[in-house]
Amino acid sequence: MWNYVKRYLRFALLAALFMVGEVMMDLVQPGIMSRIVDDGVLGLNNNGAGDLNLIWTLGVQMIGLVLFGVFCGALNNAFVHLTGQNIGNEMRKDCFRNIMTFSFPRLDRFGTGSLVTRVTNDITQVQTFVSTFVRGMIRTSLLMFGSMYFMFRLNRDFGLIVLWAFPFIVGCLAFCLWKANPLFSRLQAQLDAVNSIMQEDISGIRMIKACVRESYEKLRFGKANDGLINTQLQVLVLFAFMNPVVNGLMYMVVAVILLAGSFEVRDGGSTPGTIMAATGCG
Numbered sequence: 001m002w003n004y005v006k007r008y009l010r011f012a013l014l015a016a017l018f019m020v021g022e023v024m025m026d027l028v029q030p031g032i033m034s035r036i037v038d039d040g041v042l043g044l045n046n047n048g049a050g051d052l053n054l055i056w057t058l059g060v061q062m063i064g065l066v067l068f069g070v071f072c073g074a075l076n077n078a079f080v081h082l083t084g085q086n087i088g089n090e091m092r093k094d095c096f097r098n099i100m101t102f103s104f105p106r107l108d109r110f111g112t113g114s115l116v117t118r119v120t121n122d123i124t125q126v127q128t129f130v131s132t133f134v135r136g137m138i139r140t141s142l143l144m145f146g147s148m149y150f151m152f153r154l155n156r157d158f159g160l161i162v163l164w165a166f167p168f169i170v171g172c173l174a175f176c177l178w179k180a181n182p183l184f185s186r187l188q189a190q191l192d193a194v195n196s197i198m199q200e201d202i203s204g205i206r207m208i209k210a211c212v213r214e215s216y217e218k219l220r221f222g223k224a225n226d227g228l229i230n231t232q233l234q235v236l237v238l239f240a241f242m243n244p245v246v247n248g249l250m251y252m253v254v255a256v257i258l259l260a261g262s263f264e265v266r267d268g269g270s271t272p273g274t275i276m277a278a279t280g281c282g
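At position 44 of the sequence shown the residue is numbered 44 (my numbering), and the sequence of numbers has no breaks.
Please note: incorrect hints may appear among the correct ones.
Unchecked claim - Listed next, the in silico BS3-like pairs over lysine-lysine satisfying Cα-Cα at most 27 angstroms (straight line):
#1 Lys179 - Lys223
#2 Lys93 - Lys6
#3 Lys223 - Lys209
Derived from the structure by calculation, the hints contain no laboratory data.
Please take these sequences and the hints and turn them into a complete structure.
Structure, rendered in structure tokens:
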């Protein structure tokens, strides 16, 4: 795998660099919003007098940061797709070239359907994984640790709230991936079976019609297809369960931050702008 990645490592590094820029723009904005509320609107550091000029200045800065973040995000997408598509292209060509050197017994051992799946679906999955890792994993990691850092800078208590919720979120993700792993293996085998049956039926369609075996072949294909659908539904239901649970945990964190923040604002230990910034980081 590394042999393919290193050919286009420059694209992946550029994509990661622009992703850092995009994430940093997202993380800086809550702090600016906190200053707008505390100093510009409420005037907490100016005897309660608001500062419209400060609001305009910080607002223009936020617009500039947003535009720069959009620029970084667009370039990140471009380099992510360049990386994934080129790696998939090289792997597909090498895989096809290797299959063409197989002997007849080896071709029979793998099966036509399995080989078709390897060249098409499997390489597409690898391609998707590379793109997801370069964009999704890097973005998620940077946002997660960056949010914790900025949260502790804003308020130590808010940072501890997020830190306590972190193991539950990771545990939910790990549990779902653990349950899904055997399903993906079964899904791969069932996809091979469907492709094999489809290839056999197309290549032997004349013999099937001559022997009046259409009903049998329909039943055989339907059984394989139903198994594939059932496994796919199990995977989808599992991930459909994961998303709302993770979102629910995150909303609970925001609710706890708002509750704790209300007491801190009442006691003078925090400001409304800090609460807004904390919910933005969380």
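So, going through the hints one by one against the coordinates:
1. Lys179 - Lys223: OK: lysine 179 and lysine 223 at ~24 angstroms, within 27 angstroms.
2. Lys93 - Lys6: 17 angstroms, holds
3. Lys223 - Lys209: 20 angstroms, holds
Figure legend: structure checked against the earlier numbered hints; every hint is met.
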